[in-house]
Amino acid sequence: MAQILLVEPDQLLAKTYAAGLTYAGHNVVAARTAQSAVQAADALQPDLVVLELQLVEHSGVEFLYEFRSYSEWQNVPVMIHSHVPPAEFNSHLQLLKDELGVQVYLYKPATSLQFLLETVTDQLALAGAPS
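In terms of this note's numbering, the sequence shown opens at residue 1 and continues consecutively.
These are computed hints drawn from the structure, not numbers from a lab.
It should be emphasised that the depicted structure is a prediction, and the values quoted were computed from it without experimental measurement.
Be aware that a few hints might be false.
[As the list claims (entries may be wrong)] Quick list of the computed label-pair ranges, beta carbon to beta carbon: (1) L12 with Q114: 25 to 35 Å; (2) A110 with S71: 19 to 29 Å; (3) F115 with Q54: 28 to 38 Å; (4) Q11 with L117: 12 to 22 Å; (5) H58 with E88: 12 to 22 Å.
Just so it is clear, CB atoms sit at the ideal spot from N, CA and C, and this is done for glycine as well.
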């Protein structure tokens, strides 16, 4: 069973994604803000992070910089699952991948729950994490 940190400010979406991930056999902790996500990561020790970039108070990118500042979280795979179209990040995608360890960028309006679950499974397998 993989430990997944879901950083999603929308309560309804968080419940939906958490239910799907739990049904797929994962332990999921959902956080709505960057600060609560850091605290949750400390308690959970996640195998994977699924992150929305648009958060209240601090952005998902700010969360990633703080998350990666801890040595124990430098190699944890991160998937972006966001309402922000990838085209808005074209000039920064390499930074997200190289410096912040983002493995996958999924655009929510074009991503089904099934595809999200499949991508989580694929990323956990690539990381050698429990699935």
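Against the structure, the hints:
For the pair L12 and Q114, the beta carbons lie near 18 Å from each other, so the given range of 25 to 35 Å is not met. Between A110 and S71 the CB atoms are about 35 Å apart, so this pair departs from the stated range of 19 to 29 Å. For the pair F115 and Q54, the beta carbons lie near 20 Å from each other, so the given range of 28 to 38 Å is not met. In this structure, Q11 and L117 meet the distance hint of 12 to 22 Å, their C-beta atoms being roughly 20 Å apart.
The beta-carbon spacing between H58 and E88, approximately 18 Å, falls within the hinted interval of 12 to 22 Å.
Of the numbered hints stated above, those contradicted by the structure are hints 1, 2 and 3, listed in ascending order.
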